[in-house]
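Participant: Join the two chains into one complex using the hints; note that each chain is given alone, in its own frame.
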Amino acid sequence: MDIKTNQIGDLLRDQIKNIDNNVDVNEVGEVLEIGDGVARTSGLGNVMSSELVEFPNNVFGMALNLEEENVGVVLFGDSSLVKEGDIVKRTGKVVEVPVGKELLGRVVSPLGVPMDGKGPINAKHTLPIERKALGVMQRFPVKEPLQTGLKSIDSMIPIGRGQRELIIGDRQTGKSAIATDTIINQKSTHDGDSPVYCIYVAIGQKASTVAKLVGELEANGAMEYTTVVVANASDPAPLQYIAPYSGCAMGEYYRDNSMHGLIVYDDLSKQATAYRQMSLVLRRPPGREAFPGDVFYLHSRLLERSSKLSEDLGSGSLTALPVIETQEGDVSAYIPTNVISITDGQIYLDTNLFNGGVRPAVDVGLSVSRVGGSAQIKAMKKIAGKLRLDLAQFRELEAFAKFASDLDEATAAQITRGRRMVEILKQNQYVPMSTANQVVIIYAASQGYLDDIEIESVKEFEVGLLEHFASKASDCIKEINDTGDIGDDLAGKMNKTIEEFKKSF
Amino acid sequence: MKQNHKKIKIYSEALCGSVNTFEIFQDIKTSLHALAALSTKDLTINTFLKSKSVDSSQKMNIFRESFKEIFNESLLNMLLVMIENDDMNLLIDVNKSFVVLAKKKLNIAYVEVTSSSDMDENARIQLSNALSDITKKKIDINFSTNKDLIGGLKIKIDDMLFDSSLKTKLENAKSKLIGV
Ligand SMILES: Nc1ncnc2c1ncn2[C@@H]1O[C@H](COP(=O)(O)OP(=O)(O)OP(=O)(O)O)[C@@H](O)[C@H]1O
Ligand SMILES: [Mg+2]
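Chains A and B, in that order, are what the protein sequence lines are.
Numbering follows this note's numbering, with no gaps: position 269 of the first sequence is 269.
Here this note's numbering runs 505 ahead of the position in the second sequence, where the first position is 1.
One chain only, chain B, in its complex shape (with noise of 0.2 Å):
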């Protein structure tokens, strides 16, 4: 447990000292992200990595073949060095880590925003200036809708929620007016 823990910090460090600029993070977490949704669905994958009966170098090989095209140098980089510690398990934890270092370093907020409609490019891009100039940090920002919110927004910008959404607003008043 304490010796994961240390390893993926030494990881996730390593992986933050390379990223520099807003779009090569967003470009490297969305990587991530695919690898271990990739790695989850598709068994094949992980047989692969957990392999014993192929060695680490043979797997490094085929690793950055197929991966080379599509990765940023340095998160290939760092898998391959994972994969020769044997260490892909903790790519969730490596991903999770990464992301809050990074964000810290660059001065990033991280910010959901659900609608009761779809909201047009405009509105996003408007929105995601404003809150980008009141954050007074760069927004990596994801729309979704919900129809049961009714009107309004719930945007959530880091561990914050700001909840204008009908819905709440009516389980507020209906709480109110029973009086509990």
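The following block holds chain A by itself, in its conformation from the complex (with noise of 0.2 Å):
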């Protein structure tokens, strides 16, 4: 660029000029005690509950607690940049995040502040974090799918948009695994005409991991359609607190501006434990697991936000991914149970399952979605419901399985079809696949086609089949994606390409 010294000149005065006129003015008050991330203020007699305030050395805080002598405020920087007698100000605005589609591709702090060095996001609209609900009468039931790429969610756990499904299991049971596989897959909804954004908030894991995630996302070319919003674990407890709120914000731009929005919250335990660690610093009395008495509106105003819209605000929507982790399974601790109990369905993950290296570790017994099933294209109704029946079946013969050789034939071919049915719905992570495979592959399962392929050699045979399919009949998988349905001539005409598939197998 071609710029000369005197046009900055030029520039520079005048920018100087403009500020020189007026004056800062500023409601104040003092600091009148500073630790652990909380200040307490005298003075600022008309802050907002949750408004922005500002400290010496650019430390931004939140006030929270508003009391007749003083204010507690978190702070969102660092609290040794701060001492007893500084001045803080009011800034007049509630906490609030830049939204729209200038931060997709961005990595970003729950404040909205750019982590990626890619320079400012010139965003042309902010949101406040906090925002009311929607009404009754504003929302739609749910209708489309949300596919997340995985056989064994979208077959028996269907997703919808503007649902919220938890995803709940053990440290290291591939939760965020699930999450991001489910954004890699609305790629191919951005071929299409009703893509979905997507927002992966980060909260209170290990640089590293989220560095690796993100890493993960651009190399599948999904960082193009997705912000990450982080606060790592060792940044201060009120940003991991306000993290999902300010990801939600941006969600919800998309929602109310007639799009599609998906956001994963990872995880919300993490988030109730920063909210104890403030709670307990702003003194407010303790209750169950020493949580405060509110925890259970943290996660219901913020879960509450994800819907689908009616069609006078637009046919909008955003779904939630909300993660909990628990400890050795034990689903009916405080926060599991109050986030199961807001959400619309979960997935729950099993440690043994994943150990024995069924993954997806999804146990099938445990997992609903209360709202997905109307989303689901009927080809997948049809085939999923036997693939329930199968799978239930399967587990509770299984405890025989050991002595096969002694069992009744019908009982040894039920425990057959199961472990064909258990071995096509374990899926690697980074390889989501289109419903019309999933389709194909279910169906084959299911009509028995596989009994007497040998264990080792299913995963072969899937791919072998879905490859054939595509270059032999892809006539078949258009027609399961333009009707979603499965005719008697469809049928008919998958039967025999995959007898013939098998004979050459």
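Warning: the hint list may mix true and false statements.
[As the list claims (entries may be wrong)] So the derived label-pair ranges between C-beta atoms look like this:
1. 511/B / 212/A: 55 to 65 Å
2. 518/B / 83/A: 25 to 35 Å
3. 655/B / 334/A: 29 to 39 Å
4. 54/A / 518/B: 11 to 21 Å
5. 641/B / 287/A: 46 to 56 Å
6. 515/B / 341/A: 43 to 53 Å
7. 676/B / 119/A: 31 to 41 Å
8. 341/A / 678/B: 32 to 42 Å
[Stated by the list, open to error] If you want the ones that stay clear, here's a sample from chain B, every Cβ over 10 Å from chain A, calculated:
9. 564
10. 566
11. 567
12. 641
13. 645
14. 651
15. 669
To be clear, the hints were calculated from the coordinates, so they are not data collected in a lab.
By construction, the Cβ of each residue, glycine as well, lies at the ideal position given by its N, Cα and C atoms.
Facilitator: This is the structure we're talking about:
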């Protein structure tokens, strides 16, 4: 670029001229006491609840406890930069973040400050992070599918746009993996006419874990339509507390502008812990498990903001996938029960399954989706019912599987079928599958075409079959996509194609 | 905690009741301030006031003798009551609460002026009068200097800060140019 120095000089002079003539007027208070990321301040008589306030050295905070004598402020920055007697200024704004498509591809802090060194975000809009959830009349039942690309979920625990589906499980059971795969799978929606924009909120995770995740999203081309909001484990608790609300405001932008958003909160257990820390330091009375009394509201007001809007409001949607970590599979602890009761279903991940090599480790018996069924295509609905039944029977008979030789023929056949089903539901990370392909392979298995295939060869068979369909019978795939159903004609054609492939296998 | 709140309110309201003019207000305020400063600096006074071996009537006598020349009568009386009830530990809070109440009663604004260089007497009086006119209040004013401001003034009227210092302007300009 060719800019002359005197031009720059003129520009600066102009700027300075404009700046000079205004006096900064602020309502101020004084820091009485500071420690553990919380400041007590005097003054600030007119401050609003959750208003942003400014301390010296560019440290910001949020007014939370408004008491008669003083105001309790939580700090978003380094509290060692603030000392007793410092002046604290009101900003007159509640905490808000930039929203809009300018944020796609970016990694930002919960205050919307870029963390990826890619320069300023020139967003045109901002939204307050705390907003009221919509009322009954503004909503609409969930009816469009949100495909995760994971066979076990799309078939048996279908998720619809606007739904809130909890991902729950112990540590290291593949919770984040399901969330990331779902984000990656939204890539295909960007070829169509109703793309899904994604927001991944990382709360209290290691910075290295988040960096790895962003790398994976980038490698799979998913960052183009994704924003990552990060409050790391080393960040102050107040930042971890507001991170989900910030992310939600960014998601609501899509929902309110007739678009579709998907937001992942990974994870809300850590947010609750951060909130507990803040509340104890603010001297709010502790309750069960030392959480403050309003911890239910912490999550309910967040998750209620995900919804499907009515036609009058543009039919946008915001789907939420909150993540909760359990201890030793205990879903009856305080936070898990709370969130289970707020969401529209849960995907329960089991450590034993995960360690036994069943990945994703979805426990089909304990997982449900309360509203997604109406969003599923007919073809999938038809075969999924049978799949559920086969798996349920298999689980009951599994204990006897060791004595397979002593069992009667029917039981042995059920066990054989069940094993093949479990095998085809296994899926690697970062390889989401299209709905039509899912239908083909699950159809093949439920029709018993895999019963005489060795367990070790099932994966190979699956890959081969799908390739065969793609090259030799692409009209079948097209028909599934177009009609969303398996009629008698199509079933016949599919049977023939599968038999054909089996001969060559 | 609650109990103390009530006591502080009673003491400060009583003291406020005896204040009718700006001069008395300032007098009492400076006395209270001095006493509070003294008791934090000089621990012997504290020890004396908290002592269990000296009984309270004796304490009151000694206190009255030593301060009757300096302190306003109603202030002295209130302090004696406080000593009698063993409430001298509330002194700082009573002072704060009293200032708030009296300011409201007498329509006084508390003003702090910070400038980059010392202001002469004339300028101080002019500024003080001007502020009094603008706020339509009597003004309790304090001046200080801070070289860091570079130029301009910082005027704090109660909870409002009017900042025309060059330092803040430059900082604002900086953040505007960077675009944060
Ligand atoms: N479907 C899968 N196939 C193979 N490996 C998987 C699969 N899903 C997850 N993993 C691996 O399992 C490990 C744990 O996964 P992940 O980090 O998603 O679990 P998590 O429950 O989110 O863990 P944390 O409790 O630490 O957040 C990772 O190394 C991941 O690569
Ligand atoms: Mg994780």
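Participant: Cβ-Cβ distance between residue 515/B and residue 341/A: within 43 to 53 Å?
Facilitator: Distance hint for residue 515/B, residue 341/A holds at roughly 49 Å.
Participant: Could you let me know if the closest chain A CB is still more than 10 Å away from the CB of residue 651/B?
Facilitator: About 12 Å separates residue 651/B from the closest Cβ of chain A, which puts it past 10 Å; holds.
Participant: Are all C-beta atoms of chain A more than 10 Å from that of residue 669/B?
Facilitator: The assertion about residue 669/B is violated, with a minimum of 4 Å to chain A.
Participant: Was residue 645/B rightly flagged as not at the interface, with every chain A Cβ beyond 10 Å?
Facilitator: holds, 16 Å
Participant: Can the suggested window of 29 to 39 Å be confirmed for the beta-carbon pair residue 655/B and residue 334/A?
Facilitator: With a Cβ separation near 55 Å, residue 655/B and residue 334/A fall outside 29 to 39 Å, so the hint is violated.
Participant: Regarding the assertion that residue 566/B does not contact chain A, is the least Cβ-Cβ distance greater than 10 Å?
Facilitator: Answer for residue 566/B: holds, closest chain A Cβ roughly 35 Å.
Participant: Holds or violated: 46 to 56 Å for the Cβ distance of residue 641/B and residue 287/A?
Facilitator: holds, 50 Å
Participant: Verify the CB-CB distance for residue 676/B and residue 119/A against the hinted window 31 to 41 Å.
Facilitator: With Cβ atoms ~22 Å apart, the hint is violated.
Participant: Should the hint that residue 518/B and residue 83/A are 25 to 35 Å apart at their CB atoms be regarded as holding?
Facilitator: holds, 33 Å
Participant: If we take the beta carbon of residue 567/B, is the closest beta carbon in chain A still more than 10 Å away?
Facilitator: With a cut-off of 10 Å, residue 567/B remains clear of chain A, as the shortest Cβ separation is near 33 Å.
Participant: Do residue 341/A and residue 678/B keep their Cβ atoms within the hinted range of 32 to 42 Å?
Facilitator: violated, 52 Å
Participant: Could you let me know if the closest chain A CB is still more than 10 Å away from the CB of residue 564/B?
Facilitator: At about 29 Å from chain A, residue 564/B clears the 10 Å cut-off, so the statement holds.
In this structure, the earlier hints numbered 3, 4, 7, 8 and 15 are contradicted, and the remaining ones agree with it.
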